[in-house]
Amino acid sequence: MRQISITPEVIRNSKLQDAAACIREVLENAEDDTRILFENADYDLKTGYAYQDTFFISNNDSGVKSAAFYVTNKKNIIIDGCGSRMHGIGRILPFYISGCENVVIQNFEIDYKRPFASQGKILETSPDSVTLKIDRSEFPYVVRNGTIRFTGENYDSSYVLGMLEFEEKEKRPAADVFDYGVDAGLCAREVQEGIVELAYPFSRQPSAGNILTIKHEKRLVPAIVIDRCEKVLVEDVWIKHAGTMGIVAQLSRDITVNRVGIYPDPCSQRVFSVNADALHFVNCGGTITVQDGRFESMFDDVINVHGNYLRVDKVLDERHIVVEVPHFQQEGFFPVRKGNRITVCDQMSMLKQGQAAVKEFRAINKKYGELELEEPYPFQQGKSCCIDPSDWYPEVVFRRNRCGRNRARGLILTSERKMVIEDNEIDSEGSCIKVNSDMKNWFESGAISQLVIRNNRLMRHNQVNWGKAVIDVDPGMCRLEEDRAFHGEIIIENNDFFLKNTPLFWGYSLRKLILRNNRICLEQGAVSSEASDYVLTHHVGSVRTEGNIFCERRETGGGNEKT
Numbered sequence: 001m002r003q004i005s006i007t008p009e010v011i012r013n014s015k016l017q018d019a020a021a022c023i024r025e026v027l028e029n030a031e032d033d034t035r036i037l038f039e040n041a042d043y044d045l046k047t048g049y050a051y052q053d054t055f056f057i058s059n060n061d062s063g064v065k066s067a068a069f070y071v072t073n074k075k076n077i078i079i080d081g082c083g084s085r086m087h088g089i090g091r092i093l094p095f096y097i098s099g100c101e102n103v104v105i106q107n108f109e110i111d112y113k114r115p116f117a118s119q120g121k122i123l124e125t126s127p128d129s130v131t132l133k134i135d136r137s138e139f140p141y142v143v144r145n146g147t148i149r150f151t152g153e154n155y156d157s158s159y160v161l162g163m164l165e166f167e168e169k170e171k172r173p174a175a176d177v178f179d180y181g182v183d184a185g186l187c188a189r190e191v192q193e194g195i196v197e198l199a200y201p202f203s204r205q206p207s208a209g210n211i212l213t214i215k216h217e218k219r220l221v222p223a224i225v226i227d228r229c230e231k232v233l234v235e236d237v238w239i240k241h242a243g244t245m246g247i248v249a250q251l252s253r254d255i256t257v258n259r260v261g262i263y264p265d266p267c268s269q270r271v272f273s274v275n276a277d278a279l280h281f282v283n284c285g286g287t288i289t290v291q292d293g294r295f296e297s298m299f300d301d302v303i304n305v306h307g308n309y310l311r312v313d314k315v316l317d318e319r320h321i322v323v324e325v326p327h328f329q330q331e332g333f334f335p336v337r338k339g340n341r342i343t344v345c346d347q348m349s350m351l352k353q354g355q356a357a358v359k360e361f362r363a364i365n366k367k368y369g370e371l372e373l374e375e376p377y378p379f380q381q382g383k384s385c386c387i388d389p390s391d392w393y394p395e396v397v398f399r400r401n402r403c404g405r406n407r408a409r410g411l412i413l414t415s416e417r418k419m420v421i422e423d424n425e426i427d428s429e430g431s432c433i434k435v436n437s438d439m440k441n442w443f444e445s446g447a448i449s450q451l452v453i454r455n456n457r458l459m460r461h462n463q464v465n466w467g468k469a470v471i472d473v474d475p476g477m478c479r480l481e482e483d484r485a486f487h488g489e490i491i492i493e494n495n496d497f498f499l500k501n502t503p504l505f506w507g508y509s510l511r512k513l514i515l516r517n518n519r520i521c522l523e524q525g526a527v528s529s530e531a532s533d534y535v536l537t538h539h540v541g542s543v544r545t546e547g548n549i550f551c552e553r554r555e556t557g558g559g560n561e562k563t
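Taking the working numbering, the leading residue of the sequence shown gets 1, the next gets one more, and so forth.
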């Protein structure tokens, strides 16, 4: 295997004396079977001379982006940071891996000198304003014409997506909070240097002493994107911050995420890590393996695994249909190829109606495409339906991970292949594990076949938001069928549950639920061994509970038990 070294000296002696430009030149000239080694150092990744293109990344905002590591159509490439620290400056996408096979990304730290969110300590509150103390050196800003603008090197934003209250010491959202949505500018007044009053009609007044985070960026730049690749390994990487997800993969097979950390630097003031999910896998195949990681303090879920439905916009004839990308953050991403199988689903019930094979696909624009089928299919005129690219679902193994302290849920899992969640500690705000799918909002697909949840410690912090139970099954169809379930089988065994005011399980449209040999600790209220007190279901084919042990959790950690 050939070896190429990149050092600060190499960058200083390069034509443009710019890290992103130097990396771009090395990658463009690198042949297959190459190892690229970085000297352990700090590298600034700037947008100025970086590779630029229009990118369509599912569940993100599409558009022109600048990428520092743009790796395309390569085989057997290892990119080894040797502990190097990559500092994003401005809206730079650190890694974009496309059309590659057998790629390794290892031994990096990724952060941004100016994060895409800011925070301040809450000094005073009222129903329509909050006064914050903001460290201007870490979260630079200006107040101009009655509006706060967030600034930094190659960065300026007066747009605010939303705000969220955090606990300073725990670096997690405050108990039972809701989002404060903005989606506009924020009116502000600078009381004195570093003290800012923000005007906002709070539905629930924040608490003085907590931290108010302000996310002032749309979904523009993830840290690592894996697009149409096979056999990718990301290991020993610490992502301290990113503009959206930490790692997002689409239409890729056999991805391993090993010993990856996505959490804020304990030495910094930040209470947040990445601006969206830690990990996101869309229409992937093969096996997704995530193990020995730490994922905390994100502004969204720990991991989301799903496919994307395409809505049938027009039936031209029995072999030709026009399909629509329903959600704006999936535009330009068509998860269908020639030779793929698709499943036709009724939009109201979300249930499968039949299958077909794709002969040809042609994108009309970023929202619509035309499918030609191998054989005629009897579409019903006037009946709304979606297609599900059924070849693109992975097996999932998620083990020995420590995760939580994040906004929203823990694991969101919708894949038609077997999924195993084992030996993890999940301490999320909302549901630790959520199984959904829908055809009315995000149009995320995946009717699970078998989900095994075993040997985990599961607890949730927020009792009123982001899910009805510790494990939540909520497929979200508009019409339930009495004799047909959307999801398959869930086995929940040998876990430790810590319950407060929400049930252990809530769900519907499931064929089979098995709950056995779990230890269930109740933090308040009477100890109960009645299934109806902690497992709430409807439209579930069969529910089996056995060997579960109940205890009342006390401050000392002990408790009375009964089966």
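In case anyone wonders, no lab produced these hints; they're calculated from the structure. Glycine residues also receive a C-beta, built at the ideal position from the N, C-alpha and C atoms. Be careful, since some hints might not be right.
Stated by the list, open to error - Heads up, simulated DSBU-like pairs for lysine-lysine below, C-alpha to C-alpha not over 30 Å straight-line:
#1 359 - 440
#2 46 - 15
#3 367 - 338
#4 74 - 121
#5 314 - 359
#6 440 - 366
#7 366 - 218
#8 367 - 218
#9 75 - 359
#10 121 - 133
#11 366 - 171
What the hints assert, rightly or not - Taking CB as the label site, the calculated pair distances span:
#12 452 - 133: 39 to 49 Å
#13 552 - 441: 31 to 41 Å
#14 425 - 54: 20 to 30 Å
#15 181 - 491: 18 to 28 Å
#16 169 - 455: 22 to 32 Å
#17 17 - 455: 47 to 57 Å
#18 491 - 33: 22 to 32 Å
#19 517 - 208: 38 to 48 Å
#20 33 - 287: 18 to 28 Å
#21 381 - 340: 16 to 26 Å
For each hint, the structure was consulted:
1. A threshold of 30 Å between alpha carbons decides the hint, and for residue 359 with residue 440 the separation of about 28 Å falls inside it, so the pair holds.
2. Between residue 46 and residue 15 the alpha-carbon distance is near 15 Å, which keeps this suggested pair within the 30 Å criterion.
3. Distance hint between residue 367 and residue 338 is fulfilled; the C-alpha atoms sit about 19 Å from each other, no more than 30 Å.
4. Proposed proximity of residue 74 and residue 121 is contradicted: the alpha carbons are some 47 Å apart, above 30 Å.
5. Of the pairs offered as hints, the one joining residue 314 and residue 359 holds, with about 18 Å between alpha carbons and a cut-off of 30 Å not exceeded.
6. Between the alpha carbons of residue 440 and residue 366 the distance comes to roughly 19 Å, so the proposed pair stays at or under 30 Å and holds.
7. Under the criterion of a C-alpha separation no larger than 30 Å, the hint pairing residue 366 with residue 218 is consistent with the structure, at around 19 Å.
8. Straight-line distance between C-alpha atoms of residue 367 and residue 218 comes to about 20 Å, which keeps the hinted pair within the 30 Å bound.
9. Taken as a hint, the residue 75 and residue 359 pair is honoured in the structure, with Cα atoms around 28 Å apart against an allowance of 30 Å.
10. Between the alpha carbons of residue 121 and residue 133 the distance comes to roughly 5 Å, so the proposed pair stays at or under 30 Å and holds.
11. For a cut-off of 30 Å, the pair hint linking residue 366 to residue 171 is broken: about 39 Å separates their Cα positions.
12. For residue 452 and residue 133, the Cβ-Cβ distance of about 47 Å falls inside the hinted range of 39 to 49 Å, so the restraint holds.
13. Distance hint for residue 552 and residue 441: a CB-CB separation of about 39 Å, consistent with the stated range 31 to 41 Å.
14. A hinted range of 20 to 30 Å for the beta carbons of residue 425 and residue 54 is inconsistent with their spacing of about 40 Å.
15. For the hinted restraint 18 to 28 Å between residue 181 and residue 491, the CB-CB distance of approximately 37 Å leaves it violated.
16. Separated by about 30 Å at the C-beta atoms, residue 169 and residue 455 satisfy the suggested range of 22 to 32 Å.
17. Restraint check, residue 17 to residue 455: a C-beta distance of roughly 52 Å satisfies the suggested window 47 to 57 Å.
18. Taken as a hint, the range 22 to 32 Å is violated for the pair residue 491 and residue 33, whose Cβ atoms sit roughly 43 Å apart.
19. Between residue 517 and residue 208 the beta carbon distance is about 45 Å. The supplied range of 38 to 48 Å therefore holds.
20. Distance hint for residue 33 and residue 287: a CB-CB separation of about 24 Å, consistent with the stated range 18 to 28 Å.
21. A C-beta distance of roughly 25 Å is found between residue 381 and residue 340, which places it inside the suggested range of 16 to 26 Å.
Checked against the numbered hints above, the structure breaks hints 4, 11, 14, 15, 18 and satisfies the rest.
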